[in-house]
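Given the structure of chain A, go ahead and fit chain B onto it with the hints provided.
There are 2 protein chains.
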Amino acid sequence: MKTTRLAALTIAVTAALFSSQILAEQSVRHLPERDVTVPDTVSPSMQAVIGRPLSPIWREHPKSADDWKVLIARTAEARLATLPDLRERLGAKVEPTVIGGVKAYLVTPGSLPEGNRNRLLVHLHGGGYVFFPGESGTGEAIMTAGYTGMRVISVDYRMPPDFPYPAALDDAMAVWREVIKTTDPKNIAIFGTSTGGGMTLAMVLRAKKEGLPLPAATAPGTPWSDLTKTGDTYFTNEMLDNVLVSDDGWLGDAAKLYANGHDLKDPMLSPVYGDFQGFPPTILTSGTRDLFLSNTVRVHRKMRAAGVDAELQVFEGQSHAQYLADPTAPETREYLAELTRFFDKHLGK
Amino acid sequence: MKTTRLAALTIAVTAALFSSQILAEQSVRHLPERDVTVPDTVSPSMQAVIGRPLSPIWREHPKSADDWKVLIARTAEARLATLPDLRERLGAKVEPTVIGGVKAYLVTPGSLPEGNRNRLLVHLHGGGYVFFPGESGTGEAIMTAGYTGMRVISVDYRMPPDFPYPAALDDAMAVWREVIKTTDPKNIAIFGTSTGGGMTLAMVLRAKKEGLPLPAATAPGTPWSDLTKTGDTYFTNEMLDNVLVSDDGWLGDAAKLYANGHDLKDPMLSPVYGDFQGFPPTILTSGTRDLFLSNTVRVHRKMRAAGVDAELQVFEGQSHAQYLADPTAPETREYLAELTRFFDKHLGK
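Chains as they are written, first to last, in this note's numbering: chain A, 8 to 356; chain B, 8 to 356.
FYI, nobody ran anything at the bench for these hints, they're computed from the structure. Just so you know, these numbers come straight off a predicted model, no measurement behind them. In this text, a Cβ means the ideal position worked out from N, Cα and C, and glycines have one as well. Don't take every hint at face value.
Unchecked claim - Simulated DEER-style distance windows between Cβ atoms:
hint : chain 1 : residue 1 : chain 2 : residue 2 : range
1    : B       : Asn125    : A       : Lys263    : 54 to 62 Å
2    : B       : Gly314    : A       : Thr44     : 50 to 58 Å
3    : B       : Asn125    : A       : Ala55     : 50 to 58 Å
The following block holds chain A by itself, in its conformation from the complex:
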């Protein structure tokens, strides 16, 4: 009897394992090797951006704090070189300042319309919580100030390797607590791209937790909302996105460097796991090739489920954050026009 039962059990277990294995094999989508060309459904300037080779630094794996600092300095230098032309083109003025003890840049548009005098945008730059310290992180703020005609405070938050979590967020919150002393939060939006988008979300989650006033609107562009390699396009857009390319390069390393042992799924690090109830109106942006398309749409769906007035826009063919890659591209102007409309609609005067 015992032997028979055991045999039956063995057969049952084997069958179960076998059928779950079949299921797993069916579930896996096998994608053949292939070459994908640049789509002709975007502007020539955007075709050039989409056609760029994979980011030359995507699979760097700095081994020490010093290695990181060399890479950070190199990328900052390249970015800084582009800023004088950008400032001139957009007619924006950039001044270093200190707000609530935190370094920041005040970016003023060439002309400040009467209706925007009492408005303020708070900007968090991107760069995986490691790149673009100091003035090198002001590019997006310059474009946004120039286009929206609104003043922007770009926060030069502290970053790893010297200052891991929660330094960056602490700095952003210190600036927030300070600016709402002099500007009505109903007249303020918070925005940023990639890490800046993730920080935008984390700031509101933390402001909610601390009982602080919330901004009137937020604009997280392709937010790094999940610091773990979780979400479909981390896999489906791998090697297709020419900006981030894969989580298995510097990106995944930067997540761990920033978290410094904290749980990567803590909503203060991966805000997609946060509670979006009561969030202000939000506009989210991504692209069809973006490694963070899932990071973006997962937040959008969670916000909609929580009843948030959340808009989504997804740009054809674009990899991560390419709506900022060429200030002269029609798609960049289109993106900034949407932001301008959105802020103008939701911000008080």
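Positioned in the frame of chain A, the structure of chain B alone reads:
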């Protein structure tokens, strides 16, 4: 002299060809072979849908009208078998009718709230302009009537192989001209998925052209807005989307069968090439693995550029139209809740 000039020209031309070849080679993104698993960022029901094997019919290439009819009958039968359960689950009643000389189904929700008595939804079913004739095309109408609590007219438009373009659109317009005689167009929305989404767009373009009143809102779900293989995700999501899989299967054949020699880029066939000025408020839906993600976002961007109040939602991990694949999935309810809110906001009473 002549020889020297010719030599110089030859060198210049060769250099130009060579550099453009280098550029072209750089622009191509080489994607290695790989296996992609089902994301765990969707509900278990949606994981089952996403994990389904590739559509068993995707690479059918019917060679004759009779071959098409066999395939059409087979798919219709399978779909019909699912409808009794769907009708019962949603509590909707389906009655055949004729409107403006065109066959249609009147789908009535189990309970019709007072505020919806004067409202009407016009539905165009999907199926590549060939599949789901007769009652087999009513599934989406049943779900939508049941969930929104609104009456739905589902148009059983004529299709190839017997009736190519413009029969389908002529039928849809005949229904439109008829229903606006008895229901205020301000109380009507037009909606549909895939081919139904493309037809929704084409109907409004044609109504504009003919000077007819427009509906109060439209909801094109992952619209077949471009009948040619144009747009990035036709390529990037090829073999990843388990529903359509590729344009190189029955889908591309169906486009040609329907067009019957007409220009595939005519906006009445590929509405993405139309003029969206003056379009009513529109909600567009797609998924990150959808072969028609580009078909969806290209329309969204064109609408936004034309100043249309156009919303976009993109569901995590979903292939083509999978927001309709399992009526019990939370994502399906989420989709239908968004549609309900949108119609309720924009339709008069």
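Hint check:
1. B:Asn125 / A:Lys263: 54 to 62 Å: Once the Cβ atoms are compared, 59 Å apart, the range 54 to 62 Å for lysine 263 of chain A and asparagine 125 of chain B holds.
2. B:Gly314 / A:Thr44: 50 to 58 Å: 32 Å, violated
3. B:Asn125 / A:Ala55: 50 to 58 Å: 53 Å, holds
Against the hints set out earlier in the document, a violation occurs for number 2 only.
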